[in-house]
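Participant: Next come the chains, spelled out residue by residue.
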Amino acid sequence: MKLKEIAEFLSLEYNGEDIEITALNSLLRANFTELTYCDGEKNAKDIPNTGAAAILVTKEYENLVPKDTKVLITQNPHLSFAFLSKLFAKPLFEQVKEKKQNIAKSAKIMPNVYIGNNVDIGENVVIMAGAFIGDNVSIGDESVIHPNVVIYNDSKIGKKCHLLANCVIGSDGFGYAHNKNGEHYKIYHNGNVILEDFVEIGACTTIDRAVFDSTIIKAGTKVDNLVQIGHNCDIGQNCIIVAQTGISGSSQLGRNVVMGGQSATSGHLKIGDFSTIAARGGVSKSLEGGRVYGGFPIMLQKDWLKLQAKIAIKFKE
Amino acid sequence: MKLKEIAEFLSLEYNGEDIEITALNSLLRANFTELTYCDGEKNAKDIPNTGAAAILVTKEYENLVPKDTKVLITQNPHLSFAFLSKLFAKPLFEQVKEKKQNIAKSAKIMPNVYIGNNVDIGENVVIMAGAFIGDNVSIGDESVIHPNVVIYNDSKIGKKCHLLANCVIGSDGFGYAHNKNGEHYKIYHNGNVILEDFVEIGACTTIDRAVFDSTIIKAGTKVDNLVQIGHNCDIGQNCIIVAQTGISGSSQLGRNVVMGGQSATSGHLKIGDFSTIAARGGVSKSLEGGRVYGGFPIMLQKDWLKLQAKIAIKFKE
Amino acid sequence: MKLKEIAEFLSLEYNGEDIEITALNSLLRANFTELTYCDGEKNAKDIPNTGAAAILVTKEYENLVPKDTKVLITQNPHLSFAFLSKLFAKPLFEQVKEKKQNIAKSAKIMPNVYIGNNVDIGENVVIMAGAFIGDNVSIGDESVIHPNVVIYNDSKIGKKCHLLANCVIGSDGFGYAHNKNGEHYKIYHNGNVILEDFVEIGACTTIDRAVFDSTIIKAGTKVDNLVQIGHNCDIGQNCIIVAQTGISGSSQLGRNVVMGGQSATSGHLKIGDFSTIAARGGVSKSLEGGRVYGGFPIMLQKDWLKLQAKIAIKFKE
Chain S
1 MKLKEIAEFL SLEYNGEDIE ITALNSLLRA NFTELTYCDG EKNAKDIPNT
51 GAAAILVTKE YENLVPKDTK VLITQNPHLS FAFLSKLFAK PLFEQVKEKK
101 QNIAKSAKIM PNVYIGNNVD IGENVVIMAG AFIGDNVSIG DESVIHPNVV
151 IYNDSKIGKK CHLLANCVIG SDGFGYAHNK NGEHYKIYHN GNVILEDFVE
201 IGACTTIDRA VFDSTIIKAG TKVDNLVQIG HNCDIGQNCI IVAQTGISGS
251 SQLGRNVVMG GQSATSGHLK IGDFSTIAAR GGVSKSLEGG RVYGGFPIML
301 QKDWLKLQAK IAIKFKE
Chain P
1 MKLKEIAEFL SLEYNGEDIE ITALNSLLRA NFTELTYCDG EKNAKDIPNT
51 GAAAILVTKE YENLVPKDTK VLITQNPHLS FAFLSKLFAK PLFEQVKEKK
101 QNIAKSAKIM PNVYIGNNVD IGENVVIMAG AFIGDNVSIG DESVIHPNVV
151 IYNDSKIGKK CHLLANCVIG SDGFGYAHNK NGEHYKIYHN GNVILEDFVE
201 IGACTTIDRA VFDSTIIKAG TKVDNLVQIG HNCDIGQNCI IVAQTGISGS
251 SQLGRNVVMG GQSATSGHLK IGDFSTIAAR GGVSKSLEGG RVYGGFPIML
301 QKDWLKLQAK IAIKFKE
Chain Z
1 MKLKEIAEFL SLEYNGEDIE ITALNSLLRA NFTELTYCDG EKNAKDIPNT
51 GAAAILVTKE YENLVPKDTK VLITQNPHLS FAFLSKLFAK PLFEQVKEKK
101 QNIAKSAKIM PNVYIGNNVD IGENVVIMAG AFIGDNVSIG DESVIHPNVV
151 IYNDSKIGKK CHLLANCVIG SDGFGYAHNK NGEHYKIYHN GNVILEDFVE
201 IGACTTIDRA VFDSTIIKAG TKVDNLVQIG HNCDIGQNCI IVAQTGISGS
251 SQLGRNVVMG GQSATSGHLK IGDFSTIAAR GGVSKSLEGG RVYGGFPIML
301 QKDWLKLQAK IAIKFKE
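Chains as they are written, first to last, in UniProt numbering: chain S, 1 to 317; chain P, 1 to 317; chain Z, 1 to 317.
Everything labelled a hint here was simulated from the structure, so no lab data went into it. Warning: the hint list may mix true and false statements.
Each pair may be met inside one copy or between any two copies, as identical chains are not told apart.
Lysine-lysine pairs mimicking BS3-like chemistry, simulated, CA-CA at most 25 Å apart [as the list claims (entries may be wrong)]:
#1 Lys285 <-> Lys70
#2 Lys90 <-> Lys160
#3 Lys105 <-> Lys90
#4 Lys285 <-> Lys302
#5 Lys285 <-> Lys316
#6 Lys306 <-> Lys316
#7 Lys86 <-> Lys108
#8 Lys302 <-> Lys314
#9 Lys108 <-> Lys90
#10 Lys159 <-> Lys86
#11 Lys285 <-> Lys42
#12 Lys180 <-> Lys86
#13 Lys306 <-> Lys285
#14 Lys160 <-> Lys180
#15 Lys156 <-> Lys105
#16 Lys302 <-> Lys42
#17 Lys159 <-> Lys186
Computed from a predicted structure; not experimentally measured.
The following block holds chain S by itself, in its conformation from the complex (with noise of 0.2 Å):
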């Protein structure tokens, strides 16, 4: 799409020289042919850094701007992006003539299950019944997709995994720009969703695909049953991620961190390799691995032991 008409779509104002845009993405990560934005002070250091080809930015912003990035004026970046995010979304599901499927011999297939275009199945992968499978979705050999699974289109699966029933891979993040009115724009999410080897999701399960780039679960994770998992989450390596958790967008997780039951964490951090988040406890700061944090606010699990123990005797009759 040509950036003067994304202008014109976006009734902003825009004389320079006119350029293909071909995707959206974010300020660091854009590339020469895409467009990015920035949403306010929190970002505004990295504006310099962009390698976009062309940028939403508030006029307060401009002087930041590289001079090869071209610039489109707007009160507000985050709404524009999010009318734009619906221009560049991908159809949910293509219509085609005759789909391209490339489904090994040896998989099984039970009836009622939906498979799109432009999918890979590999060998000895069996797909239950009343299951979705959508648009350029590849799933690895051995794995086992179980009843009414929805897999959108774009979500990579491994080897050897386990989609329990009902669990949906790469359903849209929770996204979205605010007028002055206080009116929510959607922000169509076209990245996806990476399940590596040897993951299981539990039944009922929700993954959010990202914005852009992928939300990933690394190779050997299981997640339990009833657990949200928001965009562009990395969870790393042999996680144990127990029943009801909530994983807030753009959380890192390092390998071998296990959650607890009805656990969660705020957007946006870090914890390290082989932490253990005892059950119910919050985390909303990043978090130094190979400890064993409990509560809410977040510390020690043995802090908050004795906590408990001291507030239960200080205030006995």
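Take the given structure of chain S and dock chains P and Z to it, following the hints.
Facilitator: Just chains P and Z now, with coordinates in the frame of chain S:
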């Protein structure tokens, strides 16, 4: 159904004038063809104001009943009502020779979709594979129903809504009447769910239908994954409800209320416009608008933060 | 399967008498044709009482094994058992030329339903669109299976049950054995789920199958939406389990226990008859019956309320 038949079905005595009862309804909403009940002291004050054709009531409150309302005396009005709710329940699906379906030509319906009788589907609606659209459902223009979504009968979906994979709209609320032996009897929910325009519902989120009337989600509200919204809730415009939140029955949220992840409300309370409930906040009483709350029991978020800091200092070794 | 084949599969030494092993089972339930294991100090005391045909055990506890039980020495009995569980796992679905199905004529089966082999469906059962009924499932008279429900193989559903949309009955429990490198190996769960009569299961609720034997929900118990019930739980009669509650594996609830919204239990504990756990209560130890508990760590609810009040006063400015 005749009132004398109802009395007979419930093994209650009734020698008054026989009348036709068309539906069940609450004390203050029941009209002159509907039957209501009073389930105890809390609601007894409303008995004199009922406009119901008939009422299930204990002997104790008989004297409060207006003279135009027929009286069925029962020891456990709630239980009698539960029994009756089954009689008045609509079928889960109608079996008709030829379904009436008003589906716009521009709508796209994928395979393995079930669409019931008397359904209206607007322009450019997309219904993805495996979705269930019950009887008497309407879906407004441009809305997208994702794979394996279940929309129960009588639900009304507005325009430009997004219902993500495996969410459930209009399942029976969690309401039971109890007998002396501690056995629970299902109350069939004969109300519905209304989603206004621009509503988004996350994957594996559940929204229960009302006992009577409607559970309503107003225009522009966005609901994340794995959220529970109970029967008869009234969620205002442009609310943001983050993943794994639970909103108990008959709660009322004003406009632009934000509920953080894993937050919750008890039932029958009001949260004012432009309130924010921080992640994990547990709302156990009505709250005035425009402020930020947190903790459990709920308090101002700034007080909760101070409290946690003081506790940490006080009990530090 | 022969014991010598098992030893060979696990690369363990075994020179004793060869015998046929028919199944895996727990230390105290395994019979004279079954193989069991001891996963450490906690269970070692039960070794002398096993009636198993054979046992996987560390060298350390070999001397506790009864003389009629054959011994396979292994450094990690739990891991060896996990490997074996795959060998003994039933197929997720049987592929037979002609399915045996005993479906009452009065039952109503909607479109897009999958029904496996050796299934019994009682009088007036309703199975709604998109449901999955695995092999060897039985469903008692008058039960209603709502849209897109998944009932895994071997589940037993009683009479007059309601299984609401998108709930999952009998998915594998969240159990793994671990090696020295922190890798997790799936334990295939060969038990099942039993729902007795008059049980109601909410939308998007998940109930895991047992490792051995059964996860059981007794008659009259009502479970709300988005609840997780772990493997091998035993939930008593007429319990009420409110939305988003999590019950960890092998928990036992007595009769008429109430679990409030977002409450939880750790595993392997007992809650006595007629207990109530308030909303958000976190049960980390066994509790005697007939009382109301709350808070986390769990205490009497009245103590929790007092404690919160005192804390609020104490730390008020």
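Participant: The structure should be examined with respect to each hint, and the outcome stated for every one.
Facilitator: Each hint, compared with the structure:
no., hint, result
1, Lys285 <-> Lys70, "neither (36 Å within a copy, 52 Å between copies)"
2, Lys90 <-> Lys160, "between (28 Å within a copy, 17 Å between copies)"
3, Lys105 <-> Lys90, "between (30 Å within a copy, 22 Å between copies)"
4, Lys285 <-> Lys302, "both (18 Å within a copy, 18 Å between copies)"
5, Lys285 <-> Lys316, "between (32 Å within a copy, 20 Å between copies)"
6, Lys306 <-> Lys316, "both (15 Å within a copy, 9 Å between copies)"
7, Lys86 <-> Lys108, "between (36 Å within a copy, 19 Å between copies)"
8, Lys302 <-> Lys314, "both (18 Å within a copy, 16 Å between copies)"
9, Lys108 <-> Lys90, "between (29 Å within a copy, 16 Å between copies)"
10, Lys159 <-> Lys86, "between (33 Å within a copy, 16 Å between copies)"
11, Lys285 <-> Lys42, "within (17 Å within a copy, 36 Å between copies)"
12, Lys180 <-> Lys86, "within (20 Å within a copy, 48 Å between copies)"
13, Lys306 <-> Lys285, "both (21 Å within a copy, 17 Å between copies)"
14, Lys160 <-> Lys180, "between (48 Å within a copy, 21 Å between copies)"
15, Lys156 <-> Lys105, "within (20 Å within a copy, 34 Å between copies)"
16, Lys302 <-> Lys42, "between (35 Å within a copy, 23 Å between copies)"
17, Lys159 <-> Lys186, "between (33 Å within a copy, 14 Å between copies)"
The structure is inconsistent with hint 1 alone, although it conforms to all the rest.
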